Every structure is written in C-alpha cells, then in structure tokens.
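J.: Sequence:
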Amino acid sequence: MLINSVLFKILFVPLIGFSFNTSDISSVLEKYKNQKIISEYHKNIQKFTNHTEYPKDTQFVLLQFDGSYSLEMWKKTQDFSKKLLVENKPVRFTYFISGVYFVPEALKNVYDLDGYRAGHSDIGWGDDVDDIAKRFAFVNDAYKFGHEIGSHANGHFNGSDWTQKQWEQEFEYFNRFIFSKNKERGSGVIFPKSEITGFRAPLLGHNDAMYEALKNYGFTYETNKVFMQNRLVEKQNTIWNFPLYGVNIGGRNTIAMDYNLYYLQSKAKSTLTFGTPEWKTAHKNALTGYLNYFYAHYNFDKNDELGLKAPVTIGHHFSLWNDGLYWSVMKDFAKEVCGKEKVVCGTGQEYQAFLESWGK
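Those letters in the sequence shown? Residues 1 to 360, by the numbering used here.
No lab work stands behind these hints: they were computed from the structure. Relax, there's no trap hidden among the hints.
Simulated restraints, written as ranges between beta carbons of each label pair:
no.: 1; residue 1: Asp304; residue 2: Glu105; range: 47 to 53 Å
no.: 2; residue 1: Leu71; residue 2: Gln236; range: 31 to 37 Å
no.: 3; residue 1: Lys56; residue 2: Ile190; range: 32 to 38 Å
no.: 4; residue 1: Asn207; residue 2: Asn253; range: 20 to 26 Å
no.: 5; residue 1: Gln229; residue 2: Thr273; range: 30 to 36 Å
no.: 6; residue 1: Glu305; residue 2: Thr273; range: 48 to 54 Å
no.: 7; residue 1: Phe300; residue 2: Glu356; range: 20 to 26 Å
The structure presented is a predicted model; accordingly, all values stated were derived computationally and were not measured. We put the CB at the ideal spot given by N, CA and C, even for glycine.
Use the sequences and the hints to build the structure in full.
T.: Take a look at the structure:
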C-alpha cells in the first residue's frame, strides 16, 4: 500500500478555476443564512432516520480532505460545493484537519508528544496569526454549510506502533489546538468538541491501541483501513470503520486517494502540465477509475442482509499535484455522481446516522 510520507502543504502551482453566476450563489447563501444553517445541519443528520426518504439501498459517497492547510483550497472547495448546490447536486465534504495548522510556529514548543522532540511537526505549522484566524473562519463556514470537521491528528506522525497513552496524548493536543481560544491564534471554532467524531490517521497508520483511545475521546468512526470494493463497513471496539477502497487506474491497482494516484501516474513528482496530452490522459484514467469504482458499488445487488451498500470513499489533500489534476478529477467525479437517484454525497456523520437508523 502506497501512502504519503512527504509534507502535505499545498504545492504552489496554478489553480484550475471555474465560473458561475454569483447572483445564484448569493441567493443560496441568503437562503441558508435565513434557515440558520448550524441547526439545519443537525436536522439533516437526524433526517437519515427517515427510511422512506432515504431507502436502505441509498449509495453514500464520502468525499474527504486531509490536513486542510491551504486557505486557497478552503475557498475553492467550499465555492465548488455551493456551485453544485445551485445545480441541485449537493455535496458535503469531510475535512480531517491537522491541529498544528492552527498553531503559529512561535508557539510550537507547546507540542511535546512522547517519543518526539518538543516543537516537532512533519508538516510544519500554521503560519502567522492572521492566516490562522482565516483558517478558523473557513472551518466555521464549512461547518455552517453542512460539511463535517474531523480530526487528522497533529504532527503527521505514523502511529502504527503507538501506545494508547500516545494516542490519547495526541488527541489531547488536538483538542487544545482547536478548542482553546486565545488572542495568539484567532477566534477559534464555533462548535464544541462533541462535533468532531471522525478520525483519519496520518499515513493511515493505526493499531489496536488507537481504538480504545478513540472511544475515550468521543470518536465514533475512523477511516484508515483499505478494503476491496463492495466489502461492507464494520466496527472494531465500538468504533465504525469507513474504509478507503481499491481502484483500478489505467490498468493498475491503487487506493482511492489522490497521493496514491499521484505516485502511480508520475512517481510522486509533478511532471504533468495542465492541458497537455499527457495530463489529459492521466485525468481521463483517474476519472474513469473513480467512476468505475462508483458504479461497481452503485449497481451492486448483493448487499448485506438489510440491503445496505458499501460507501464510495475518496480521500484527497489540499495539494494540487500534477498541476491540479486530482482536484479537477474530484470535481468532475462529483458533478457526475452527486444528485443521482438514491445517491447522497455526504459526510461520515450522516452515513453513520443512516447505518444506525437501519439497525446496524
């Protein structure tokens, strides 16, 4: 299994943009403002208990981002979701945020995890106070519009050999970095700790000790394992696992994550330039692989005893590897599948509520 072992800060390459009618977006924003979207989000989770509205063979698509450092990508992803809402193709992302991106480097020594030197992070820190305040604002805006905020821990360390104590220490630091308000780090978040229930481990590094720690810190699901397509979700020590799945990209197998495609297609080097024949071929292969993965689940008729389907889970980063290729693929994928009959492009929390409403 190939997973990322490099820094996940955004690569400074041109963004792939899109245009839309700003008056349409404004009307949508006003609509959701009037509906008090914070409370509406929780109502949205609750409505997954309504079996008549969401039948048991509903196909969930879970589109997720890890790390979430780039302010530009915060804006791009949220603008894109609003654009699709106008087109009646709603998509709600899950953002697994890294705690260190909400701490300025000047305060890095407060991070003193057992087994690592104080102030060390494999992905850096959150830049200056103004940038951190903007990042908090994007997190809050995402939450208001129904996206989910989850945890990606802090310093991007591989925890596959950690003790339960180390996992709990890491979660304690995450809570401190995200929920402790002080003038050095901006305004903080508008929601309580109890709203963060999903976890993706850096490098997908996990072990049995992690599950007890997750339970002790209020998490209800994690998304670190890799399954073959159509294998159903399962629990370990009361914690749901919503896995990533294998995909075939241009005749080769990998995991449904952008970094894995990046490694597969260009050995993790940004050698492809937007618009070139090579870029277009790589884009076509990646999009085709994602769509084949979706339809393999969507059209599968041998579901579990309740008739529930395995989710389609795709994990990306706020990095524009290969000149924005994988962000472009995710957008094209979402435009194709979100809004289809019996498809919900939603969050892990929504999917969990749906599963449990059917007695899972």
